[in-house]
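Now for the letters of each chain:
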Amino acid sequence: MTAAPLLELDAVRIRHRDAGRATPDGVSLDIRAGEVVLLLGPSGCGKSSLALALDGLVPHAIAADLEGTVRVDGRDSRRHPVAELSETVAMVFQDPDAQVVTGTLLDEVAFGPENRLAPVGEVLGRAERALKLVGLWDRRDDNPDVLSGGGRQRLAIAAALPLAAPVLVLDEPTANLDPAGIDEVYAVLRELANEREHAIVLIEHNLDSAVDIVDRVVVLDATGRLVIDGPARQVLQERAAELLELGVWLPVSTLAGLRLREAGVAIDPLPLTPAELAEALDSIDELPTPVGDPAAEPSAASAAAITVRDLSVQRGGRRGPVVVDGVDLDVASGDFLAIIGTNGAGKTSLLQAIAGVIPAPRGSVDVLGMDPSRADARERARRIGFVFQNPEHQFVADTVAGELELSLRLQGIDEPERRGEVDRMLRRFGLEQHRDRHPFLLSGGEKRRLSVGTALVAGAPVLALDEPTFGQDRARASELLAMLRDLNEEGTTVLVVTHDLQLVADYADRVAVMQEGRLLGVGPTAEVLGGPLIEAGGLRHPPLARATRSLARHPEWHAVARMSQLPSPGGAAA
Amino acid sequence: MTATTTGARPAASDLVAAGEPAVRRPFLHRLNPIAKLAAPLPVMIALLFTRDVLTPLLFTVGALALLLLGARLSGRAIAALLIGTPAGVALIGFTLGVWVDRARIDPAAVGADVVLVEVGDWRFTLAAYLVGVATALRIAAILLLSLVVGLTTTGPELVRALVQNLRVPYRVGFTALAALRFVPRFRRELDLIRAAHRVRGLHRGRGPVAALRRMVSYAIPLLASSVRHAERVALAMDARAFGAHPIRTERVISRWRARDTVFVVLFWAASVAVFWWGLAVASR
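If you're matching them up, the sequences are chains A and B in order.
The opening position of the first sequence corresponds to residue 1 in my numbering, with each subsequent residue numbered one higher.
The opening position of the second sequence corresponds to residue 1 in my numbering, with each subsequent residue numbered one higher.
Among the hints, a few may not be true.
[As the list claims (entries may be wrong)] Covered stretches of chain B (chain A as the covering partner; in silico rule of three or more C-beta atoms under 8 Å from a C-beta of chain A):
id: 1; region: 152-163
id: 2; region: 174-182
id: 3; region: 229-236
id: 4; region: 248-262
Since the hints were made in silico from the structure, they are not lab data.
Yeah, the Cβ is synthetic: ideal placement off N, Cα and C, and Gly gets one too.
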C-alpha cells in the first residue's frame, strides 16, 4: 500500500452558515485503498459534515464554509464538481427512503453509471454485479417501495457501487433499520470489506455490528478535533476509558468488560464482541455471582393500569390484513414495558390501539377504567399520553410554552393554574431557556423532551412511545431512555415500542414479544432476553445476553442480559 | 484467497431485452407516448367548443372502443369504463341540467316542451336535460381521451419519450419523476400528522373555519419534513453524478416509428370526420 492516498484531508474545518463554531475543526488524515475506517465521535462533533466533505457535497451542495483542503485522488474538492469527484467517492446515507430516485431496482442501480455516460452494455454489467452482490438481482424489476428497510438500504449500497468509485462512504447506514435489516446490511458490508477493492469510511453508532469489519478507528472529540487515529482493535481495547470520557459509545461487550474490571474481575484484553466476552469469562475459574434482576421479583401487587383482552386490529378496512390478533395483555401501574418484535409484527398497532390512536378495534382495552376508543380526546389525554416517532408531527403552537399551554387549555384549566403548570413542566424537562422559541427550532433531543412533556402535561399517568429512538445516535437514545426511567421512578407507567434490544435490556422492567400480530409472551426483562422467546419472535439476543448464554463454565450467568446484573464495582457481595 | 468476485463477468445478454417484455402487449402500449399524447390533445381542446350531443358522444364511444381494443385493462377497469361512463354521464347530465338557465333554451329546440319533472311551477324539460348531457359527454370524452395515454404509459416511459423525442432537458424529466415518488410519502406523512393532532385532542370543531385551521396546522410539519426529504434526495442524486453531462446514457431507446405517425394521422383524420359530421347534423 505505497500508492498515493485516495483521500487526503489537511486541516479541514467546516462551519455551517448558521453555526457558531466549526465542526470538524482542523482534521488531517489520509485514507488509502482497501482500508476500512470507522469514524467515531459524540453527537455534534461534525462526523456527518466531514463525510459530506469527502465527495465535495460540502462545500458545493451545502451552505457551509470549508477551510483547509480535501484532496480526492489528488484533486482539490473545491475546484472540481461533485459529479466528477463521485468517480472516486460513492456515498450511502442514513435514510433509505431518501435515496431512491427511480421506479425499479434495476433503474436505480443504473442511475449512477447512466449519469456518467457509461455505454449501455457496461451500465447493465455493473448494475447486475452490484445487485447480485447485495442479493437483490432476482428482484430487479420490483418497485423499491416494496422492499423492507434493510432491503432498501442494501439497494442504496448497490446503487453506490456501479459508480466504480474506489472509496465508499457510509453515514449511519443502519440507524433507521430494525435488527434484521442491520444484519442484512452488515452481511453486505462484510463482503465488501473482505474484497478489499474499496476503501470504506463508516460512520456508525452501532459498534457491536461494525467492530469486526473495521481495521482503523478515527475519533473526533466534542469540539470536532481529531484526537485518536489508530488500528481499531488497539484503540478500542487500550483507550476504552478515554473514548467513554469523550462521549463515544463502545461495543456492549467492551462496556461489560470495563464494568467487570471495576468489580475486580481480571479481564484482559478488553473484549470487543460477545464471543470474545464469553471466551474471557469462561477462561476465569471463579466468577462473582451476578446481581439478581430486581425487576424479576413480582411487584407488590400494584393495581392494573392497562388491561387488554382479545384485542384484534385490522388495517385499511374490512379487506385489510389483521395486524394484531387476539392479544391479551396486562400492564401493572408503575411498569416499564417494552414491546419488541420484527418489522410488521404489530407492535405499533397494538400500542396505538391501547392509546386510542386507532379507532375502535375488536376486543376490549381498559386504560385506568377508560375505553380509549370511546373516550373523547380530552379524557384520553388525562390518562394516557402518546408520543409519535417524529416529535414534529405533534407540534402546533408557535412557542415551546404555547405547546404545553395548549394541552392544558384543552383540558379546560384556567389561566393562572396553566401558567404555574407550564413553568413546572419546562423546568422538569430542562426547557426553561427555550420557552419562547419555536418548537421546530429546538435540537432533536429537545424536541423529543418537549413531545414527552406535551403528552404528560395533562396529568396522564401512562405514557406510550412509538419507536422513540429511531434514527438517533446511541448517546441521544440512552439520554431519552434515562429520562423515561426517571419518569417511571416518579410513578409514570411507560410503554415503549422499540427495535433496540440492548436499550430494552438496560431500561425496561418487562418485555412483551410479538410476532405476526400475536403476543408470544410477556415477562421480566432478563428472563425474556435470555430465553427462547427472542428466537421464537425472529429476533436476535442483545449482545450481553448472547455472550452469557454461550458460557460453558458459568451456568449461573446464563440469565444475565442487563448491565445492572453485572457485579457492581463496590464488590461482588454487594 | 477469498476472491468471491462476482465481477469480471461481462454484461448478461438476457438483460438487453429488459425494455421489451416477451409477451406482446396490446397496440396502444407499443406506441410512442408522444403519439398517444399528440393525437388526442387537439381533439380535447376542440371539444371544449362544441355544444351538441352527437360530437362528444361519438368521441366518448370512440375513445372507449380504442381503450378496449388497444389497452391492457383489468376486468375491474373494463367494468368501470363500460358501466361508469354511461352512469356518470346520465347523473352528471341531470345535475348540470337542473342548473341550466331555462331562459336561454331555444323554445324550438328538441324536447323543449317535453317535461320530465314538475315541482310547482319549476319544470325540468328534456331540452334542459340534453344541455346537461352534452356537457357531461364533453367531460367524459375529454377524460377518456386522456386515458388513452394515461392507462397505457408509465411515468418513466413518458419521461423517456419527452427527453429523447421532444428534447426536454433530462433534469426536468427526472425531477418530475422524483417528485412523483414523493406523493405516497406525503400521504403517509399527512396521515401520521393527523393522527398525532387527533391524539392531542386538537381541532374538534366543524365547519370551514375549523377545517382551514386544521389544514394550516398540518401544513407546517408537512412542509418541514418535505423540505428535509427533498434536500436529502437531492444530495443522494448529486452524489451519484446527476447532472454530470448535458445528456445521460439511455438504456432504452424511445423510437418514433412509422406506426406512430400512422396512428396520429389516422386519429386526426377520424376526428376531423367526426367534427364535420357533428357540424353537418347540427346545422340541419
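What hint numbers does the structure not satisfy? none
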